[in-house]
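Q: Listed below are the residues making up each chain.
2 protein chains.
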Amino acid sequence: MRTLIENGWVLTMDEALHEYQRGHIVIEDDVIVYVGAPKEHERIDVRIDAKGTLVMPGMVNTHAHMGMVPFRSLADDVPDRLRRFLFPLEQECMNESLAYLATKYAALEMLQSGITTCTDMYFFMDQIALACEECGIRALLGETIIQQETCETKTAQEALALGEHFIETWKQSRLITPIIAPHATNTNDAAIFNAAMEIAVRHDTMLTTHAAEMDYEMTYFQDTYHMTPIEWLDQIHCLNEHILLAHCIHVSEDDCSLMKRRNVSVAHCPVSNMKAGKGIAPIRDMERYGIPVGFGTDGASSGNTLDLFASMHIFALAQKTKYHDRALYPAKQIVHLATLGGAKALRLDHAIGSLEIGKKADIIVIDCESPSMFPLHDPYSALVYGASAHDVRDVFVDGVHVVNNRMSRTRLCDVRDELEAEMQGFYAAAQRILDQM
Amino acid sequence: MRTLIENGWVLTMDEALHEYQRGHIVIEDDVIVYVGAPKEHERIDVRIDAKGTLVMPGMVNTHAHMGMVPFRSLADDVPDRLRRFLFPLEQECMNESLAYLATKYAALEMLQSGITTCTDMYFFMDQIALACEECGIRALLGETIIQQETCETKTAQEALALGEHFIETWKQSRLITPIIAPHATNTNDAAIFNAAMEIAVRHDTMLTTHAAEMDYEMTYFQDTYHMTPIEWLDQIHCLNEHILLAHCIHVSEDDCSLMKRRNVSVAHCPVSNMKAGKGIAPIRDMERYGIPVGFGTDGASSGNTLDLFASMHIFALAQKTKYHDRALYPAKQIVHLATLGGAKALRLDHAIGSLEIGKKADIIVIDCESPSMFPLHDPYSALVYGASAHDVRDVFVDGVHVVNNRMSRTRLCDVRDELEAEMQGFYAAAQRILDQM
Numbered sequence: 001m002r003t004l005i006e007n008g009w010v011l012t013m014d015e016a017l018h019e020y021q022r023g024h025i026v027i028e029d030d031v032i033v034y035v036g037a038p039k040e041h042e043r044i045d046v047r048i049d050a051k052g053t054l055v056m057p058g059m060v061n062t063h064a065h066m067g068m069v070p071f072r073s074l075a076d077d078v079p080d081r082l083r084r085f086l087f088p089l090e091q092e093c094m095n096e097s098l099a100y101l102a103t104k105y106a107a108l109e110m111l112q113s114g115i116t117t118c119t120d121m122y123f124f125m126d127q128i129a130l131a132c133e134e135c136g137i138r139a140l141l142g143e144t145i146i147q148q149e150t151c152e153t154k155t156a157q158e159a160l161a162l163g164e165h166f167i168e169t170w171k172q173s174r175l176i177t178p179i180i181a182p183h184a185t186n187t188n189d190a191a192i193f194n195a196a197m198e199i200a201v202r203h204d205t206m207l208t209t210h211a212a213e214m215d216y217e218m219t220y221f222q223d224t225y226h227m228t229p230i231e232w233l234d235q236i237h238c239l240n241e242h243i244l245l246a247h248c249i250h251v252s253e254d255d256c257s258l259m260k261r262r263n264v265s266v267a268h269c270p271v272s273n274m275k276a277g278k279g280i281a282p283i284r285d286m287e288r289y290g291i292p293v294g295f296g297t298d299g300a301s302s303g304n305t306l307d308l309f310a311s312m313h314i315f316a317l318a319q320k321t322k323y324h325d326r327a328l329y330p331a332k333q334i335v336h337l338a339t340l341g342g343a344k345a346l347r348l349d350h351a352i353g354s355l356e357i358g359k360k361a362d363i364i365v366i367d368c369e370s371p372s373m374f375p376l377h378d379p380y381s382a383l384v385y386g387a388s389a390h391d392v393r394d395v396f397v398d399g400v401h402v403v404n405n406r407m408s409r410t411r412l413c414d415v416r417d418e419l420e421a422e423m424q425g426f427y428a429a430a431q432r433i434l435d436q437m
Numbered sequence: 438m439r440t441l442i443e444n445g446w447v448l449t450m451d452e453a454l455h456e457y458q459r460g461h462i463v464i465e466d467d468v469i470v471y472v473g474a475p476k477e478h479e480r481i482d483v484r485i486d487a488k489g490t491l492v493m494p495g496m497v498n499t500h501a502h503m504g505m506v507p508f509r510s511l512a513d514d515v516p517d518r519l520r521r522f523l524f525p526l527e528q529e530c531m532n533e534s535l536a537y538l539a540t541k542y543a544a545l546e547m548l549q550s551g552i553t554t555c556t557d558m559y560f561f562m563d564q565i566a567l568a569c570e571e572c573g574i575r576a577l578l579g580e581t582i583i584q585q586e587t588c589e590t591k592t593a594q595e596a597l598a599l600g601e602h603f604i605e606t607w608k609q610s611r612l613i614t615p616i617i618a619p620h621a622t623n624t625n626d627a628a629i630f631n632a633a634m635e636i637a638v639r640h641d642t643m644l645t646t647h648a649a650e651m652d653y654e655m656t657y658f659q660d661t662y663h664m665t666p667i668e669w670l671d672q673i674h675c676l677n678e679h680i681l682l683a684h685c686i687h688v689s690e691d692d693c694s695l696m697k698r699r700n701v702s703v704a705h706c707p708v709s710n711m712k713a714g715k716g717i718a719p720i721r722d723m724e725r726y727g728i729p730v731g732f733g734t735d736g737a738s739s740g741n742t743l744d745l746f747a748s749m750h751i752f753a754l755a756q757k758t759k760y761h762d763r764a765l766y767p768a769k770q771i772v773h774l775a776t777l778g779g780a781k782a783l784r785l786d787h788a789i790g791s792l793e794i795g796k797k798a799d800i801i802v803i804d805c806e807s808p809s810m811f812p813l814h815d816p817y818s819a820l821v822y823g824a825s826a827h828d829v830r831d832v833f834v835d836g837v838h839v840v841n842n843r844m845s846r847t848r849l850c851d852v853r854d855e856l857e858a859e860m861q862g863f864y865a866a867a868q869r870i871l872d873q874m
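Read top to bottom, the protein sequences are chains A and B. For the first sequence, counting from 1, position 176 maps to 176 in this note's numbering; every step adds exactly one. Position in the second sequence (from 1) plus 437 gives the number in this note's numbering.
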């Protein structure tokens, strides 16, 4: 099966940022076999006219909790929301079928907004993986390990066993890369982190965790160990090329230097970090040290929108403001972070993140008809400052045309109806917990 | 002519924030004659089914430069962009017909994104006013007065005369409120400001100006007068209830106190301020002093999107981050700023800004079908964090149904084609100026 995408303005996002104002891309099965100027091709089965659009690699989400869609717009502004509201509600109400339906919804929402790869940590991971497979999104998925009772397990040991079993079950999957996900530096001790890292190393996969995110986390490590969470992770031998650190809002120059030496990568979540008033991560500094950084939407409860257009826009404004420098992060560099940058952070840049011959056909087509995308002096600026999830017209993942003219193969409205039906007990429990606060 | 909007979730945004989960609104000609629970009404000519939507007052944009659409996505990241790039290009290329078409485009873009009132300062104001009238947007429009040669005038005196003539011409208009707009505190001397204020007072209208926005402006006032731009405005007797100050990024507590005593209002432009790396205005502090604040999109060259959904979202994140407080600015309060808050800043809250009997029928209907608007636990949160310009389904201004099922009466794509044809010389000049930089 060979597909030709023609007439679009192709932004390859490769290292040299090649562009073709009227480019051709040929997909053969799951792989890109041609990117470049128009020419004659043999045996084209399907032709996609991309006239008037931008064609680029699918966006890479390095941090999410897809199962948390039911929590979106609930108690947004409650102080210490995670511990006072989200944990109790999740423990009471989250279950296999809700996690499955919520993930399906989130996966479709992401696909329709141009995300082709998503990293996720949550519970009931077999269900999450099934949901992702069915929707056709590429995903790195890890069981959450946390030293408290959860909706799924009584102990962290139980979760570790589940997590390893999940890796063994899914490691041959076409779209799913199973990983492991100890929750956070302050919610697991060294023994649990070490056990999780052993699993990651044994299966040669990644470990992701929340780090340097919370004020109380920083205070805890300072008071208890006189060190930062990053230094603590290093001390317990968990800072290495397997680790993907989510958030890293509160990192010092010394932390950055250490992270670079240990070959760590970072999932930056600008929207959720700022919505919670936590701060603006020093991404400019991390990049100066050469640390690979990608964007994460975080869960729908934290960042609300599951798209990277909002992340790109808010990232630009936040970094320029933090460093008081309008010239910082030109739009081109921000689109890089959302694509090849994210792929590098996930150690998947050999396969995805740019439009290059031999890479997987993870491709998105962006319509430029929205009023805010005219004039199109600079396509990167239009993507960062003018575009939104609504502008994504077509999406290919692994060569499969999963979103066609804005409609996903699995209909999102059907999934929403099922999810809403499943959520009846959830609404009541949420209200009761809020009333008790 | 009587129109009933029925079955929508009505957010009145009145002082008591009344809501009707299945509300009725009746419009008679240009005025709201009923808001409340469903009941029988006499003589309904048109029924609009708003099932599954949010119905709210049109949003109020307190600061823009509609004519600047052609500059969007041009040289976004150039240091000192205003003086090095925008001024020269504008002086060379802006003219009556370009300003007219650009404003028409901007007005339609705003209407389609739910803005029903816009404040604008630019050149060729008769053309701007005509464009606004034709599109059906309510607008406060002021001739820009600046002590340098512009695309329209050689001197500020000439601009003052044009500005007053514009006020006299348009003061009886149904949709247009003519005002006067000295450009900025650092681009006009006291004599010009005084002359402009005399015009505002003589015609009992508003004066708007950029203030406390630029680093070099702050330095100039400190070095020259040992005072802030706000203190300088007060010293020259221009700080009073006629003035609407745009930006106010760099204001002290003393400035806030003075602004409150002088009954000043503020147009806050979160997107453009941050995109330029200028900073986050201390809006929480201004509001604590009781200063009326509304949102401004700024021009498309500065803020890129001409919608207040982006402003609401970014405002929330920015203020919560600036003050390190997730509980600050619950979504409800932010929707207030975009509606009644903006109307108060423009001294128009007797007529617009909320859905109340006797007020003008400036009403928008927001579709909730976007993936990021589910679940709808909290409609205000969905508006601030999940919605976008694309979700606006219907718009009424002054009782006229100007956007019907996402289509404006004047077709935006036709205006775009005309504008693009008019812009050919503009593209070339922009490139030449950039190459010379």
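Among the hints, erroneous ones may be present.
[Claimed, not checked] Derived Cβ-Cβ restraints for the label pairs, each shown as a range: (1) B:Asn677 x A:Asp435: 40 to 50 Å; (2) B:Asp466 x A:Glu92: 44 to 54 Å; (3) B:Lys476 x A:Asp435: 28 to 38 Å; (4) A:Ala16 x B:His640: 57 to 67 Å.
It is worth saying that the hints were derived from the structure and are not from the lab. The beta-carbon is built from N, C-alpha and C at its ideal position, and this holds for glycine as well.
Q: The structure should be examined with respect to each hint, and the outcome stated for every one.
A: Results for each hint:
no.	hint	result
1	B:Asn677 x A:Asp435: 40 to 50 Å	holds, 47 Å
2	B:Asp466 x A:Glu92: 44 to 54 Å	holds, 53 Å
3	B:Lys476 x A:Asp435: 28 to 38 Å	holds, 32 Å
4	A:Ala16 x B:His640: 57 to 67 Å	holds, 59 Å
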